[in-house]
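K.L.:
Sequence lines, in order, name chains Z and C.
Residue numbers for the first sequence follow the numbering used here, beginning at 1 and rising by one.
Residue numbers for the second sequence follow the numbering used here, beginning at 323 and rising by one.
I should point out that these hints are in silico values taken from the structure, not numbers from a laboratory.
Mixed in with the good hints there might be a few duds.
Pair ranges (Cβ atoms, derived) [claimed, not checked]:
1. Gly342(C) <-> Gly118(Z): 56 to 64 angstroms
2. Gly272(Z) <-> Leu598(C): 44 to 52 angstroms
3. Ala309(Z) <-> Ala641(C): 53 to 61 angstroms
4. Asp484(C) <-> Asp210(Z): 33 to 41 angstroms
If you only want the chain Z side, here are some residues facing chain C, beta carbon under 10 angstroms, derived [said to hold, decoys possible]:
5. Asp26
6. Val28
7. Thr262
In this text the structure is predicted, and so the values were computed from the model without any measurement.
For every residue, glycine included, the Cβ atom is placed at its ideal position computed from N, Cα and C.
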Amino acid sequence: MSAATGGPAAGTPAAETLGARDRRPDPVQLRCAVLANEPAGAYRRLVLDAGEAARRALPGQFAALAVGEPPTAMLLRRAVSIHATTPGDRRFDGADTLEIVVAPHGPGTEWVTRRRAGDVLDVVAPLGRPFPAPEVGAPTVLVGGGYGSAPLVWLARDLRDAGHRVDVVLGAASRDKLFGLEEAAAVVGPDLVHVTTDDGSAGLRGRVTDALASLARDGVVVYACGPMAMLRAVHEVATAAGGTSWLAVEESMACGIGVCMTCVLPVRGEDGVTRMTRSCVEGPTFDGDRVRWDAISIGPGGATSAVPADCLGAPVASGKGH
Amino acid sequence: MTTTATGTSGPAGTTGTAVGFDPRTAIGALELRNPVLTASGCAAAGRELGRLYDVAALGAVVTKSILRDARSGRPTPRMAETPSGMLNSIGLQGPGIDAFLAHDLPWLRDHGATAVVSIAGTDAAEFAELAGRLVDEPGVGAVEVNISCPNVANRGLVFACDAGSSAEVVSGVVDVVGGRVPVLAKLSPDVTDIVAIARACLDHGADGLAMVNTTLGMVVDTDTMRPVLAGVTGGLSGPAIRPIAVRCVWQVHAAMRRGDLRTAPGVGIGGILTGLDALQFVLAGASAVQVGTSTFHDPSAPLRVGTELAQALADRGFASVADAVGPAHTVLAREGAR
Numbered sequence: 001m002s003a004a005t006g007g008p009a010a011g012t013p014a015a016e017t018l019g020a021r022d023r024r025p026d027p028v029q030l031r032c033a034v035l036a037n038e039p040a041g042a043y044r045r046l047v048l049d050a051g052e053a054a055r056r057a058l059p060g061q062f063a064a065l066a067v068g069e070p071p072t073a074m075l076l077r078r079a080v081s082i083h084a085t086t087p088g089d090r091r092f093d094g095a096d097t098l099e100i101v102v103a104p105h106g107p108g109t110e111w112v113t114r115r116r117a118g119d120v121l122d123v124v125a126p127l128g129r130p131f132p133a134p135e136v137g138a139p140t141v142l143v144g145g146g147y148g149s150a151p152l153v154w155l156a157r158d159l160r161d162a163g164h165r166v167d168v169v170l171g172a173a174s175r176d177k178l179f180g181l182e183e184a185a186a187v188v189g190p191d192l193v194h195v196t197t198d199d200g201s202a203g204l205r206g207r208v209t210d211a212l213a214s215l216a217r218d219g220v221v222v223y224a225c226g227p228m229a230m231l232r233a234v235h236e237v238a239t240a241a242g243g244t245s246w247l248a249v250e251e252s253m254a255c256g257i258g259v260c261m262t263c264v265l266p267v268r269g270e271d272g273v274t275r276m277t278r279s280c281v282e283g284p285t286f287d288g289d290r291v292r293w294d295a296i297s298i299g300p301g302g303a304t305s306a307v308p309a310d311c312l313g314a315p316v317a318s319g320k321g322h
Numbered sequence: 323m324t325t326t327a328t329g330t331s332g333p334a335g336t337t338g339t340a341v342g343f344d345p346r347t348a349i350g351a352l353e354l355r356n357p358v359l360t361a362s363g364c365a366a367a368g369r370e371l372g373r374l375y376d377v378a379a380l381g382a383v384v385t386k387s388i389l390r391d392a393r394s395g396r397p398t399p400r401m402a403e404t405p406s407g408m409l410n411s412i413g414l415q416g417p418g419i420d421a422f423l424a425h426d427l428p429w430l431r432d433h434g435a436t437a438v439v440s441i442a443g444t445d446a447a448e449f450a451e452l453a454g455r456l457v458d459e460p461g462v463g464a465v466e467v468n469i470s471c472p473n474v475a476n477r478g479l480v481f482a483c484d485a486g487s488s489a490e491v492v493s494g495v496v497d498v499v500g501g502r503v504p505v506l507a508k509l510s511p512d513v514t515d516i517v518a519i520a521r522a523c524l525d526h527g528a529d530g531l532a533m534v535n536t537t538l539g540m541v542v543d544t545d546t547m548r549p550v551l552a553g554v555t556g557g558l559s560g561p562a563i564r565p566i567a568v569r570c571v572w573q574v575h576a577a578m579r580r581g582d583l584r585t586a587p588g589v590g591i592g593g594i595l596t597g598l599d600a601l602q603f604v605l606a607g608a609s610a611v612q613v614g615t616s617t618f619h620d621p622s623a624p625l626r627v628g629t630e631l632a633q634a635l636a637d638r639g640f641a642s643v644a645d646a647v648g649p650a651h652t653v654l655a656r657e658g659a660r
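Sequences and hints are given; from them, build the entire structure.
P.N.:
Given below as structure tokens:
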């Protein structure tokens, strides 16, 4: 796989940011000043002065943040999807800004949400493969669960500018855990934003797939970010309707740059062979048809992956196996 | 200074510029431009770090362990963060030696990196076969024999926990290599007497010792009430194990100074995050160090530690790495004589 040399898909207005599958700009490691940290429902939205990282990033890519005051006892980077980039951001004296949305899940992400303007974060970005462009003219539906919707407004804008119909489905457990409602409405229009909540505190009571089922039709391209259970359900609905799905997974990662081999899941390659595949460099966006759902279990602690028997290099199940 | 993570912009880390200090070192016949290498399993085969900086500036890239055949590795979860460290249970995932020779070694060679190729196998014959495939390949600077990976289904296969098994693997590799490149044996801290294992490796021809691999650990999830790792146990790494690793280097180097062990270069590995961390290993007896888990925290760490170590050695009046190997022992001997 040749790294970072693939050019953008030519011929569509979206080619500026929505690229071919292999378009993957090299990351940079930077110390980024925090320019703003503001509440966004149950989450925090941080604006970073991110220079080259902001100029290179594409929708669907992520950033890996070091957490804790150095020397920190929390060694592993936290991967967060990139919400937006604004080269020459007028709100911040023309800085090249990169925005992230962080949910305080544990001590590391809590530390990030407590950063103030002027604090510095050690950031490696942009990482991972961006969302690929759909076929010219294909209808699209963007599905976000909770703050998983963070990268979708950016994607929606690019898809709209490329002439696609864009519906956005935002779902969460409750109203305060929705993210991006106003921004999405501003991009695609309020009529094309569909909200679901588990408790009915906003929009339709139910799951994102309930809304998706009425929108998905033959040829639809569905883009989704959120927990694995949601991604699987989205994939099933999209497939049943005759569409395709591009899913951004949330695997836990130690490094985010492709060297630790912890963030793998079983995925079929273009050659039809299943490999334990790094979600940081081959993902985080995957074609839902390629993911080996038969080997993925979703339990209370999150999703786990078994090694399918036909995976490349799978242990041989003989008496003398190792 | 030593805790500065990166520069203010662009790829962080530059090569050492400590005035009057010669950063070169050697592991047997392998000459290194500086004493800081990556650690096996923490830098893949260099390509990913190469997207962030020039890997030719590193002392060497130590590859993830190469096996004869492709291996899927273990199910997930494979990782758990622990205080100042992490557990991993990867299970030697890799594409096998054919793919390594076809894709990864040429990349390292083309980018001017010094490559130390780590090899692993399920028996001594596989290690010897791998060494034979590698030894005449251009660009292979040394072979590191991973006899200490804890993530094997059968703990009896941790060769480095047994002197006889270590000797068998090392002698098979040494015979095949025939002195054409240095052979390093990577030891486990999970032994009663690391000097005995070091002796088995050196007596059977190893040119140097890499100390240490991860130590076996475990975390239980108190919500699910189950082990966190799919593989149940995993290798603990990071600053949490640094004192253990320094102790291992110390014990082996002390045995060499006593004449109980043939003198050979040691490579210190275990939780090195800064130049001063690396300096501990050098003072305890290491001629070079490897930066492993810290690379996950700070991809520039292997470069940065090189700069910081050079400065720290220069600040203490050392003209070269060789001059600084082991003085912690000399101080102790002097005080003991009083």
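K.L.:
Indicate, hint by hint, whether the structure satisfies it.
P.N.:
Checked hints:
1. The hint said 56 to 64 angstroms for the Cβ distance between glycine 342(C) and glycine 118(Z), and at roughly 39 angstroms that hint is violated.
2. In this structure, glycine 272(Z) and leucine 598(C) meet the distance hint of 44 to 52 angstroms, their C-beta atoms being roughly 51 angstroms apart.
3. For the pair alanine 309(Z) and alanine 641(C), the beta carbons lie near 59 angstroms from each other, so the given range of 53 to 61 angstroms is met.
4. At about 60 angstroms, the beta-carbon gap between aspartate 484(C) and aspartate 210(Z) misses the expected band of 33 to 41 angstroms.
5. Hint status for aspartate 26(Z) relative to chain C: holds, with the closest Cβ pair at about 5 angstroms, below 10 angstroms.
6. With a cut of 10 angstroms, the hint placing valine 28(Z) at the interface with chain C holds, because the nearest CB-to-CB distance is about 7 angstroms.
7. With 10 angstroms as the threshold, the beta carbon of threonine 262(Z) comes within range of chain C, its nearest partner Cβ sitting at about 4 angstroms, so the hint holds.
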